[in-house]
Amino acid sequence: MRLRIRFSKIGKIRFTSHRDTARIWERGLRRAGLPVAYSEGFTPRPRISFGLALPTGYESEAEYLDVELDGEAAGLSGLGIDGEAAGLSGLAGALTEATPAGITVQAAAGIDRAEPSLQETVTSCTWRIDVDGVDEGTAAASAARALDAGEILVTRERKGRTVTDDVRPQIVSLDATSTATGGVRLIAELGTKPRALRPAELLAGLCPSPRELRVRRLRQWISTGSKQREPLEAFTLPNPSPAADAARTTNAKDHRDDRPSGRQRGEPAPRGRFATATATTTAQVARQTGRARANLVGS
Amino acid sequence: MAARRHGPGRSAEFGGRAGSLGSVTDLWPRLEELLPRVAKPARYIGGEDGMQSPVHDARAVSWLLTYPDTYEIGLPNQGLQILYEILNERPDALAERSYAPWVDLEALLRTERLPLFSLESHRPASDFDVIAFNLSAELTYTNVLNCVDLAGVPVRSADRADGDPLVAAGGHCTYNPEPLADYLDFVVLGDGEEAVGEVTEVLARWKAAGKPVGGRLGALRELAGVAGVYVPALYDVAYDGPRIVAVEPRFPEAPARVEKRTVADLAHWPYPKNQLVPLTEVVHDRLNVEVFRGCTRGCRFCQAGMITRPVRERPADQVRTMVSDGLRRTGYDEVALTSLSTADFSGIEQVVADTVTDAGCGQVAVALPSLRVDAFTVGLAAQIQRARRTGLTFAPEAGTWRMRQVINKLISSEDLYGAVEAAFSQGWSRVKLYFLTGLPTETDQDTLGIAELARNCVELGSTHRRSASVTASVGGFVPKPFTPFQWFGQNTTVELRRKIGLLRGELRRTRGVRLKWHDPEATLAEGLASRGDRRLGPVIEYVWRRGGTFQEWSEHFDSGLWLEAMAACGLDPDWYTCRHRRVDEILPWDHLSAGLHKDFLWQDWRDALDEVGLEDCRWTPCYDCGACTGYGIEHVVASAVPPAGGSQGTGVSRSSGGPVPVALAAPRRPVGAGVS
Ligand code: SF4
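Line order of the protein sequences matches chains A and B.
Numbered according to my numbering, the first sequence spans residues 1 to 299.
Numbered according to my numbering, the second sequence spans residues 300 to 975.
Please note that a few of the clues may not be correct.
If you anchor each label on the Cβ, the simulated ranges turn out as follows [as the list claims (entries may be wrong)]:
1) B:His896 x A:His18: 48 to 58 Å
2) A:Arg47 x B:Asp391: 43 to 53 Å
3) A:Ser49 x B:Glu500: 49 to 59 Å
4) A:Ala200 x B:Ser853: 29 to 39 Å
5) A:His18 x B:Phe899: 48 to 58 Å
6) B:Ser858 x A:Leu147: 54 to 64 Å
I should point out that these hints are in silico values taken from the structure, not numbers from a laboratory.
Where a beta carbon is used, it is the ideal one built from N, C-alpha and C, also for glycine.
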């Protein structure tokens, strides 16, 4: 069966690469005792697939991975997860516990095999980009200009070649606002097809081009027609509105880095059957799981 | 790379450490602004599973355990990880870690006037009482100076003030710390498990007294009284021309000869208990469990084997526990059972079997690095064939049986062919062979024997696989202190280049053999530091001041700079490297002891020249080399007989009818091996 996991990556750990994060998850899943399926062949690899790579140095409130688990028919209950809310929340808690500080598992649910891969299915991402070198008025004006423009040409290196692309079609929305500390913040929804537009490339396309300070992926979206949904909703939804985000400091130490944990220094993390559910209350979980499941095609 | 060239007085530019930093203790807010601009920033963030967050208080002696190379190379270092835990368990000590920042971050740190920092609390290195380096390779010495300077601490011990951290070192290279004598405040010889505690006690008293003015020398003198601790500044070296005529202690506390420390029983030291699990890629990225320390196979070129005698095995049960607990805790799917020759571990068969069948560990690969050729059989190859993610490496070291007798690596060509055949027949298509060239008494016939072995291996392989190939990796031999070859004059770069040329010519038309070789110039630089005396210090400093850091890295190694430095200091590279030493010569490390009697080493050197091999003392009578007899300890070995298979250091086949040394493994549970 296939398990989809949603997690955030915030604080110092943002400096790990996509590859590093993949390795962190391979170990984390084993520590949590999940029966990850392995590929056949000379060098068996755990069957885990990740969505769109998050550039090194960027934070995220919406990362995903899909994991193939051994035990075709068993489903979640075969894993000892008691079907619904408490079980899934327990699993999320155990996975948070099994991964390093800075990674918090926000949701987990079984998904249908037929569900297309994250890479294929995600159509856009919402980014929060704190910038420097422009004031809010200038940023708002250049954002408006960008949205009005017929095309925005950006020159970038790709596979060793310099190519110039029109990135305008991939800018779904773009707003400039300010942070509580007086900095300038852009909220942008950027398309991923045919190729994901990165925040740094967006900034290069703006005029004047602001300097990137701190970037966080807020959402990944799947658009079908006029409907937009997330690959999996978080159990506890952080408020995505710019106003609420502005209340948080932007460049000071992010205290979520130091995720509270029951672990003492050096003490091994508990392993096994997700016995360490700590994340959410049962009531919350019931509500959230209901919501999460609405997005899924059963398990 | 112009920015990397610093003129003399490089340290002066960083003189105002306290001034620019004030009382800042957490550098993270400053560092995180720089990290988006450097390669692999995850090297600097800490946060590994197993990381400790010790509370700094005024009484505890704070150690900054530093590896003078990149995080990727340094993090897995077992010595530092063991001490890290032992120190943090003590109420009177705490330890954090640091690694040499790569050149991009170093440049930014210098422009921003930020110092070397710890990974745990991102605290300035100069906040610690001791900055302790692990010295595992001579070419990292310039990085040691660079790290001390980046810490804002004067590089020479004589220039340090009472409040400056003490700069210390441990690790294999400290058996000849003389090239760094003017830069290190103290050195610990041998196993550090017990010594760090005793050093901590001395320093805690000094710290409690408020590190009084002028008290630094007093503290160092007291440290010199701790067994295994060497304080270079307490000794005078007298020269007559180029030769050393005497090394004399200047104070009564300093022993005339500093003896190494040896932990008698590994069972008391089940460390690391919480191996650090890095967030980013490092070398040996797997669980590592040390199954024994020491090796008495007696390979004469091998310093590691000589200085770590006697053999001390960890009880098999403890190994099992460390493996299963470690796998569960870390989430690794690979464990290496480490030692200098893992097939010699008495319980190896059972331990591997238990690991691969332990359901609690999941699907696990077992790596057996340093597995002797004479233990690698078809049966074992069949078991480990699924672990092809790492290639197979064998280390015959020399091309002819005569040469292998000289170096006492007593494996026969048949042992090697058997191992290689086993590998190819079980599906490997490529094996790597390690050789040394420039060995004592080596003739061109011996050198060319390397080509012949490689060619024969490919031929054997091609009967099993059309694509069979062999990589022959040839390193230039550097004689090391406290080995029988410490008197040998190493080959000149010209000679090494000629020998490599011979091999290239010989193998030019051989299909399936790929030849790789080490830069002979780097072999020379390593030789300078390996057997150099205190006069090498200014050479190392000269190279460092001109930007010569990361000399272990071929893209940064600068041979011209080393030769320029030798010339500037009026020293002759050949005198230090290529000259045979006489029996009566006072060697720069004679006032230190790795436990080996000098006359034992000399006799072994004579035996080498006579092509006489010496069997392993684990299973034969003691030769009284001194490693046990000198300290009242002995081998801790569970098995009274050597493992079966191959010739086992006798040159005679002992494998007929004997059991496969390491059989086993359940289906789908690979066992990996690097073989030596
Ligand atoms: S003292 Fe004897 S038994 Fe011990 S290592 Fe030396 S030769 Fe071997």
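Results of checking the hints against the structure:
1. B:His896 x A:His18: 48 to 58 Å: holds (56 Å)
2. A:Arg47 x B:Asp391: 43 to 53 Å: Holds, at about 49 Å.
3. A:Ser49 x B:Glu500: 49 to 59 Å: holds (54 Å)
4. A:Ala200 x B:Ser853: 29 to 39 Å: Since the Cβ atoms of Ala200 of chain A and Ser853 of chain B sit about 32 Å apart, the hinted range of 29 to 39 Å holds.
5. A:His18 x B:Phe899: 48 to 58 Å: Since the Cβ atoms of His18 of chain A and Phe899 of chain B sit about 55 Å apart, the hinted range of 48 to 58 Å holds.
6. B:Ser858 x A:Leu147: 54 to 64 Å: holds (58 Å)
Violated hints for the displayed structure: none, as all numbered hints are satisfied.
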